[in-house]
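Here this note's numbering is used: the first residue of the sequence shown is 19, the next is one more, and so on.
What the hints contain is simulated information worked out from the structure, not anything from laboratory work.
Hints may contain errors.
[Stated by the list, open to error] Here are the simulated DSS-like cross-link-like pairs (lysine-lysine), alpha carbons at most 27 Å apart as the crow flies:
no.: 1; residue 1: K148; residue 2: K170
no.: 2; residue 1: K86; residue 2: K148
no.: 3; residue 1: K44; residue 2: K228
no.: 4; residue 1: K170; residue 2: K228
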Amino acid sequence: MCVTFKVPRAADGSVVAGRSLEFPAKMPTALAVLPPGYQGSFVTPDGQTSGPRWTASHGVVGMCAFGKPAVMLDGLNTAGLSMHVLYMPGFCEYQPYRNDGSDVPESELGAWILGTCADTGEVRGAMRGKNVWGSDPGTGFVPPCHVLFHDKDSSIALEFHADGWQILDNPPAVATNAPYLDWHLLNLSNYAGLSATDPAAPVVAGMRLKPFGQGQGLRGLPGDYSSPSRFVRAVAMTALAGQPADGRAAEQCALHMLNSFDIVGGAIKEPFGGEGLVDEVTVWDTIVNLTGQRYAYRTITDPAVYVVDLRATDFERPARVVPLSWQGDFQPVTV
19 MCVTFKVPRA
29 ADGSVVAGRS
39 LEFPAKMPTA
49 LAVLPPGYQG
59 SFVTPDGQTS
69 GPRWTASHGV
79 VGMCAFGKPA
89 VMLDGLNTAG
99 LSMHVLYMPG
109 FCEYQPYRND
119 GSDVPESELG
129 AWILGTCADT
139 GEVRGAMRGK
149 NVWGSDPGTG
159 FVPPCHVLFH
169 DKDSSIALEF
179 HADGWQILDN
189 PPAVATNAPY
199 LDWHLLNLSN
209 YAGLSATDPA
219 APVVAGMRLK
229 PFGQGQGLRG
239 LPGDYSSPSR
249 FVRAVAMTAL
259 AGQPADGRAA
269 EQCALHMLNS
279 FDIVGGAIKE
289 PFGGEGLVDE
299 VTVWDTIVNL
309 TGQRYAYRTI
319 TDPAVYVVDL
329 RATDFERPAR
339 VVPLSWQGDF
349 QPVTV
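When you get a sec, could you build the whole thing from the sequences and use the hints?
What follows is the structure, given as structure tokens:
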């Protein structure tokens with residue numbers, strides 16, 4: 019389970035998005051850096067990297083899996099485009115491998131797009147004529163997913179159907195998991211009455227019914243961790259949140275919103291390989307400042323928020339993987 023969303027545009031024009039990764043804490047992830055000029059070569063079904071080649075035009079910082087910089091799950095490039103791979107069980111169908119130069123494995127699609135595209139319009143152009151097939155990056159199965167993109171002015175979803183991929187506009191700039199995005203957008207009509215203000219006290223059977231405290235305007239807001247509920251909750255939060263003053267305030271706003279999706283170990287269990295039922299947890303959160311070129315993250319076992327300034331990143335060095343911090347603690351204060 020995952021979520022991504024944009025917070026309201028700040029008064030100074032800053033645009034910030036948040037993302038959480040919920041999964042069994044079994045998949046190794048790390049920070050990855052891809053420099054401009056990076057030479058990518060897509061993996062083929064036989065496991066060789068002899069597929070179509072591509073060259074990065076933009077520097078990229080993001081989260082990768084299995085120690086492979088090109089297997090990117092989340093990231094931001096120097097042009098201000100972000101990418102977020104979200105799990106999509108039951109609503110994802112890749113195409114067979116064609117071997118005609120059009121093939122892109124889903125596992126390397128995110129790195130390729132971030133390396134070569136500056137905005138969502140270029141994403142649409144890059145995808146024309148491409149065939150997305152399913153590869154196993156190291157999970158032991160082909161992960162079903164959809165891929166979300168944000169730039170400072172728009173958001174889109176790339177989803178995979180039986181008849182091929184589709185790109186959808188994403189007006190609320192929110193996504194979770196299954197089912198497809200168009201269903202989630204339609205489902206919002208069931209929550210049209212949500213409001214930041216309390217309803218007026220009605221008179222029923224001669225009695226005036228006064229709300230108990232504040233927050234009654236959000237009665238009916240779903241609080242469980244299912245994908246439809248998290249989608250509604252994210253849309254409500256981003257729609258009702260006040261406008262941040264600047265990029266720093268927008269980043270803080272995203273952090274507070276991410277807190278509401280954090281999964282406590284033990285609350286959700288799911289089968290994982292041959293290990294039986296394991297905990298699904300929030301492995302890490304990321305915050306992308308699309309206009310400020312900042313990529314921030316925290317992990318399940320380190321509450322500190324770390325930030326990479328892409329403007330200060332050494333993109334002259336080769337592609338690389340940087341370990342995440344998993345050993346943080348609360349900071350002591352002497353009083």
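Hints versus structure:
no.	hint	result
1	K148 <-> K170	holds (25 Å)
2	K86 <-> K148	holds (23 Å)
3	K44 <-> K228	violated (49 Å)
4	K170 <-> K228	violated (42 Å)
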